[in-house]
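Novice: Using the sequences plus the hints, can you model the full thing?
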Amino acid sequence: MSQELTHWLDDLLEEIEGIKIRRKSSRRVRADVPADALPALLELLQGRAGYIHLSAISCVDWIEDDEFELVYHVWSYESHSLVSAHIRIAREPGVYLSVYDLYQPAGFFERDIHEMYGIHFEGSPNMEKFILTEWDGPPPMRKEFDSEAYVNEHLNWQEYNPPWLQELIAEGGGVIIPPEEQRFSRKKD
Amino acid sequence: MSSIKQIPVITERKGNPLARVFDEFVRFCRSRSLFILHYCTGCGAIELPPAMTSRFDMERLGIQPMVSPRQADILLITGYVSIKTLKRVILTYEQMGSPKYVIGICSCTVNGGMYWQSYATAKKLDEYMPVDLYIAGCMPRPEAVLAGLQKLMDRIHSGEANSWEDYFRNYDYYLGNQQKLFGENWQTPTDIITEAKHYDLIGEGTLGKHTQLLEQHQKPLEALDMRLGHDLKEPTE
Amino acid sequence: MMAPMELIIELILMPLVAFVVGMMMVLMMRRIAAKLQRRIGPPFFQPLYDIVKLHSKQTQISHGLIHDIGIVMAMGGYIAAETLLPVPGMTGIAEKGGIITLLYLMMIPSLGLALGVGQCANPNGSIGIARALTAMLAYDIPLVIVIFGVAYAAGTTNLVDIIAVQQAGGFETWGAVQMPVLAIAGLIAMHASLGKQPFEIYIAPAEIATGPMVEMSGKYLGGLFVMQCFQLYTTSVLYVSLFLGGGTTWFDFLLKSFLVLAIPVSIAYLFPRYRTEDLLRLMWKWPVMLGLIGVAFVL
Amino acid sequence: MRPENYEAQRHPPSNEFELNFGPNHPGIEGNYALKVKLHGDVVVEAKADGGYLHRGFEKLMEQRLWIQNIALVPRICVPDPSPMEVCYAVAVEELCGLEVPQRAQWLRVMQLELSRIAAHLFTFGGHAATTGMYSTMYWGVADRDLILDLFEEFTGGRVYSIYNIPGGVRRELPDGFLQRVSETLDYIESRLPDYDNLFFKNQVFVKRAKGTGVMSQEQALAWGVTGPNLRATGLAFDVRRDDPYLVYDQLDFEIPTEAHGDAWSRTLVRRLELVESIRILRQVVAALPDIAGPIRAPIPNPLAWNVPAGEVYTRVESSKGELCYFVVSDGGPKPYRVHVRGPSSMHAVQVLEKMSVGSRIEDIAQTMFSLDACPPEVDR
Amino acid sequence: MTLTPLDELLLFSGVTVLVAMLLGRRLPAGWMVTILYGIQLLALMKMAPLGYGGEAISSALTFKVMGQTLSWRFDALSWYFALITLGSALLSSWYACGEWEQRFRQSGGNLWLFHFAMTLNVFSMLILLASGDLLSLFIGWELVSWAGFLLMAMAGGVATKAAMRYITYAMAGAMAIFGGIALVYVSAGSLQYEAILTAASQMSTAHLWMLVILFGAGFGIKMGLMPFHLWQAPAYAETPGPGSAFLGAISSRMGLFAILLVLVKLFGIVNIDSLKIPFTLIDARDLLAWIAVFTIIFPTFTAMKQNDARQLLAWHGIGQGGYMLLGLVVADAMGAAGGLLHVFNHATYQAALFMAVTAVIHRTGTADLNKLGGLVVRMPLTFMVLLVGIIGLAGLPPMNGFVSKWLVYRSLLNEGMPLLFVAAVIGTLGTILSVYKLIHNIFLGQLRVEHDKVKEAPWSMMIPMLILAAIIFITGLLPGIPLAWVASVQQAVGLPVPDYTLGGVESASGSLDMIWVIGVLFAGFGIGALIFYFAGGRSKRVHQLDNYAGGHFLTADVRYQYSDNFYAGLMHLIGGWYRGSFLWLEQSVKSLVEFLSLGMQGLYRRANAEFYLLSTALFVIAWVVI
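These protein sequences, in sequence, are chains Y, P, R, A and H.
The numbering of the first sequence is the numbering used here, which starts it at 1 and goes up by one.
The numbering of the second sequence is the numbering used here, which starts it at 1001 and goes up by one.
The numbering of the third sequence is the numbering used here, which starts it at 2001 and goes up by one.
The numbering of the fourth sequence is the numbering used here, which starts it at 3001 and goes up by one.
The numbering of the fifth sequence is the numbering used here, which starts it at 4001 and goes up by one.
Think of the hints as simulated: they come from the structure by calculation, not from any bench.
Take the hints with a grain of salt, since some may be wrong.
[Claimed, not checked] Derived pair list, reagent style EDC-like, types lysine to aspartate or glutamate, alpha-carbon separation capped at 16 Å:
no.: 1; chain 1: Y; residue 1: K129; chain 2: A; residue 2: D3049
no.: 2; chain 1: A; residue 1: K3037; chain 2: A; residue 2: E3018
no.: 3; chain 1: A; residue 1: K3207; chain 2: R; residue 2: E2010
no.: 4; chain 1: A; residue 1: K3334; chain 2: A; residue 2: E3062
no.: 5; chain 1: H; residue 1: K4371; chain 2: A; residue 2: E3016
no.: 6; chain 1: A; residue 1: K3354; chain 2: A; residue 2: E3218
no.: 7; chain 1: A; residue 1: K3207; chain 2: R; residue 2: D2278
no.: 8; chain 1: Y; residue 1: K24; chain 2: A; residue 2: E3094
no.: 9; chain 1: Y; residue 1: K143; chain 2: A; residue 2: E3062
no.: 10; chain 1: A; residue 1: K3035; chain 2: A; residue 2: E3045
no.: 11; chain 1: P; residue 1: K1180; chain 2: Y; residue 2: E134
no.: 12; chain 1: Y; residue 1: K143; chain 2: A; residue 2: E3058
no.: 13; chain 1: P; residue 1: K1180; chain 2: Y; residue 2: D32
no.: 14; chain 1: H; residue 1: K4305; chain 2: H; residue 2: D4368
no.: 15; chain 1: A; residue 1: K3037; chain 2: H; residue 2: D4557
no.: 16; chain 1: P; residue 1: K1180; chain 2: Y; residue 2: D136
no.: 17; chain 1: A; residue 1: K3047; chain 2: Y; residue 2: E128
no.: 18; chain 1: Y; residue 1: K143; chain 2: A; residue 2: D3330
no.: 19; chain 1: A; residue 1: K3035; chain 2: Y; residue 2: E128
no.: 20; chain 1: A; residue 1: K3037; chain 2: H; residue 2: D4368
no.: 21; chain 1: P; residue 1: K1124; chain 2: Y; residue 2: E153
no.: 22; chain 1: Y; residue 1: K24; chain 2: A; residue 2: D3243
no.: 23; chain 1: Y; residue 1: K143; chain 2: Y; residue 2: E115
no.: 24; chain 1: Y; residue 1: K20; chain 2: Y; residue 2: D32
no.: 25; chain 1: A; residue 1: K3210; chain 2: R; residue 2: D2278
[Said to hold, decoys possible] Which bits of chain A does chain P cover? Going by a derived footprint, with three or more residues having C-beta under 8 Å, they are:
no.: 26; region: 3020-3028
no.: 27; region: 3050-3057
no.: 28; region: 3072-3078
no.: 29; region: 3153-3162
no.: 30; region: 3275-3284
[Unchecked claim] A few chain A positions that, by computed beta-carbon distances, are all more than 12 Å from chain P:
no.: 31; residue: K3037
no.: 32; residue: D3243
no.: 33; residue: Y3248
no.: 34; residue: D3249
no.: 35; residue: I3291
Idealized CB from N, CA, C, for every residue including glycine.
Specialist: This is the structure:
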């Protein structure tokens, strides 16, 4: 059944120009679309093919190409298949359209991507910060943000060997485990 | 009955045997009745319900969970503290009533644990507040938690668990670390310096350049005292 | 008229006894909970440890004078109420007040607590107090019906006389035997007045973060713990005095009190809490109906 | 940073007031907050506030080796960590084209279903505690501990088992373990009537839970609700059956549904799923002795393992709903991008906000716990 | 002609009216009037033996109109009510002097009218209380109604509307009374009390029924009894501060006085008891008792819903009237004593409560319970007065309200009336709920930022409030003082007298000794304080924003005060009943009464207050003469 439906899907998708379809498995379809064609694609998928569940919106930062890749994963409860629609947008200024009108879950994902990558979604109901409300650095998930350097600058974590740990080690406890026990825990006899 | 308040936790005077017995009794009671704050700061909190409930039953040691920081004695930092949480943890810690004890559960509180690279979590808990006891592990088993709590009980009984005094005595150090992380105009509603004076716990490290910085920014929240108001200006209407 | 010295000793002893017995009742309650929940439960002196520890806290956070006075009123109201509650060998000033006065004195702690919590300026506390007063409206109506019935049957509001009437003919003249319907209504009302599940609407940690207790620290919370001891004692002893013939000896008095208290406490740990309006509906329906039927038998 | 404002001129003229639910609040699951505006006791506005558990997992995973991340992923959802490992391992295997041995797949199913039982028992306890019935919590958590004991023996870890590696599982079963699994299952099954009497059939609880936090099927679909919460609105959808992974297509189980979409239905669906999980586990216990073979496929040196470039989207049914991993590799030793889509990222934010408005203050906690929202999944 | 003490009293009262009328525009008029009230009170004290069983004192002045002798006299009953009237007038007037007066003038109030209306009210009430026959009673009654109208209407706007409503009701009541008087005249041939007393025992049942209904309705309207209670709360609440304290304390009790005089004293409660309603088990006395009980419950629960402090108190004023009537109707020694004692107690705490609320309005400019909060730190003495007042109002020990309510309960218990008893208790519990809302929303909780600079009420307002608070407490501690007066009132109207002591009542079936109860209560507080202050450490005060909020930081610009829909849980159950039964009742009674009096209302709608005064005088004289 699902085979038939997805072939029908292939026909359907041909209606959109510039789309590239790759069938990865019986239940996974990858579609590469131009950025401006995505809303039309999603509308089509939702309205005519039953892809009513937006599973996730993922963002990938291709810093070398100076592009963001946005991936919309939509699932159909009828044909039991998942279409991942990939688009690429320019890293600067990093603005794209919201699909909240079509899929309400997009509200959360767009908000999340906004604070993690700094992409602004036009028309999204809530672009306030959610997780990083008290963070004033750059969007942390961008590739140029070096987490380790940030930590080295702001926080102390190295060379932590407090007296109580030394005592514990002196007593024979703590982190020192004989090498033969390091790989697997005790065997049952 | 003489006032308990007047008797410090660790007393050097051996004069009045009755007072010594009484003092001992109070310390004993403190060690046998511990209220844990019900605040799941991190993933280690998942091992607290087993420790509380039927299998390990914390209540047989006189330990029970409490809801608000005012009621609690122990602040369990169960794992990593993200910076956003750390602010709340410090607020909560300052709202708790002394003597208060902090237990750092899980490795993350010791040195950041497996999140050592993370931009979002604080690494060394004892830079921001005095910690009485660490229970290392990822995550420590309920038995370990209970063993740690028993160790704390012993320390309370013997009078060693007085790190809360350290927060007042070395406030400048803790505040400095907090300011480094949260920015220069960081403040909480609690006025620690006045409180330190209240307990007579002003130490050499209480005041310093960080507290000076605080005083520049702070709008101290003084308690609304009851007054007849004759020294005030005309009411605004 | 007894000698004044003797009276003063009684007045001091009665709250003291109430406090000690109340602590044991708290212990019993926690032990019953532990048994139902398949665990061991707290040690014997745990209530004492808690109270001493709370009073010995270094920080006592106050939101103002009324916060202090509220706790004093809460404790003091119960201390006063204990002297109106006769125990074997001691009647205190029970004859000077009677049961209506006792009932009203038992509202003083609620009012005190309400004032104290009010000044904390915590919305959780205010909601808790609003709910506690609503609960009082719910359970006091059946309670006064029951008390009306008992007092009318005994022909007096004097608790000493009510107990004497019941003790006159042994087991058969007990209130519970003479007025079984009223006794059942009274038990339900008593359960609700303890504020345990399913009637625990005003503590409700998951909803309003322990409501009235939310800003209580140190001796303030300690005062509430003391108040709880008194509350358990007062409620169960009042029930024993009204329906189970009081006590002739300390042994049977305490036995009855603990047994009576064990009933609601055992039920409590098997139920979640009601919503406020469900509590009201329940209390205004069943115990009130039973109480009125019981009163009709008495009249 | 001065966190908040301590000076103001006037108060707003509105009669509404604000109440903070959490992060330090027993009515909230984990370290999470809900800021509600109330009129009387009715919520007029609810605003979820997350990020208290944010550790930057997705960033951390980009900085670590493929194999190292196995230790990191279970920490994303604390009450139900096993699906996280499996989902990640499956994703890496798909990227590499690794064929996982049959025995390893069956072992993974066992791990997943044990974890599901543990998570559901925990949820019942939490849900009961929000309504004030602590006995269920005490029992549920204690019985969950028996499963944690099994985990400890089985994988070496009580909570975080870190049992999977790409290509298979880490350890063979201990001797007589299946016997002990059966015994534990028997015990839990024998306890179910007690739970029913204490909790699921308790009239006071039923009164509280029925009609609380209602959502219709249309709303659930529009809001992106998944898992037991979706099944409680009457739609029989389960990733295990409809988008099968591992060996779930060889197992016989049913998908329980309920019609009303309220807290009561959601709890009941979990209760019925518990039975189904036990049924699956019995099949696994019966089948495992006959399935011989290795427990993991050979993989290259994990410290110098370049996974082929590509991207993959894997889905697993966790106890809370649909859990997905989007993994992108650029052919290097570390993942280029991992996106974790936890089921709670829907339930705890938008759905909770929408369902809270118009409900009453006593139902907020119950709504959250009946949705079984897991904040660390949201915050990552 | 020699002046009797009664004449002196009435003379002084008349002089007060004149002084207020002539000098009322000057600023010290308030103080002068206050002093004159004091003199009147002294004159009343000259008749103090009345309060302890002395002989009645008549006025030297008598008229003869159409063969009827108009005479005035004072007995224990009149003296008791006059004491309350003058006491509350004195304190209210004192309260009005000073800052309140200045503020009142600045905000455009007519101070002359206020003083004049107050003095006129007092004078007319004294005339009413002194009435020696039914005709003089009626004249007094009309005077009181119109004087009250003047005071209520003076604030203008909403107040005028409320007052119009009041006068509509009052005129309807006056007609009923007039009809009753006519009926009495027909059967007894005279309007003298002695003649009626003898005639009453021979009246037929139908006749008696008629009289009970006419007089009951007429006086009940003034008292705000159940179906006729709707005018009272808005009318009293809108009266300017001290005026509402005075009206709330005593005005509607004139209805009770008349009921006592006519129904209890003249017709006799035994006669009323014999009036059976056919086919039911209740008689007229039960009917009155049930009216009393509904008067307790419905207004009390309406009060709980109010969001304006003055409205809340005014509704309670109606509800508390029910206790008085209930006690009187039970009519055994304890019940009657309780009812009568409650008149005194109610006057004290109601005046104190209105004054405290007025002080809050004076300082903050609002009585809206949703716009206040946390004022205890800024107005602690006012808080204390309000606290004492609400404990009295709720009827909890150690304040005086407890004693009178205890007596009422006790009598219901003795008589075996469980339903009435339970209903009375429901009223008390409702009162506790609603007064906690009052004190919480004004004084407790979060202090609004705009009220940070608020000061305590000025001493000119504070002292009368403190005096009242002291009276509330002392009469709670030593209820024997007012019980002595009450006992002589009971003797005067022919009711049994309880066995009272200084500290309470003695009875074989359970007695009350407030000295012991309060002693023990305060000893308990003392021990509690001892434990609290000495066993625990020193407290540390914290700011309100240093508060538990689930670990959040609180901010000053957000409202955290839970005030609106305070008993939301309760309202989920009974909220629908309000919309259902309460409103239905209100609407139906209102439409009935207002339809009947539509024409009358239309007559007075466009005139001003002075015109009313003039026309009232003319109207009354014309009515009496014709």
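Novice: Any of the earlier hints contradicted here, and which numbers?
Specialist: 3, 13, 20 and 30
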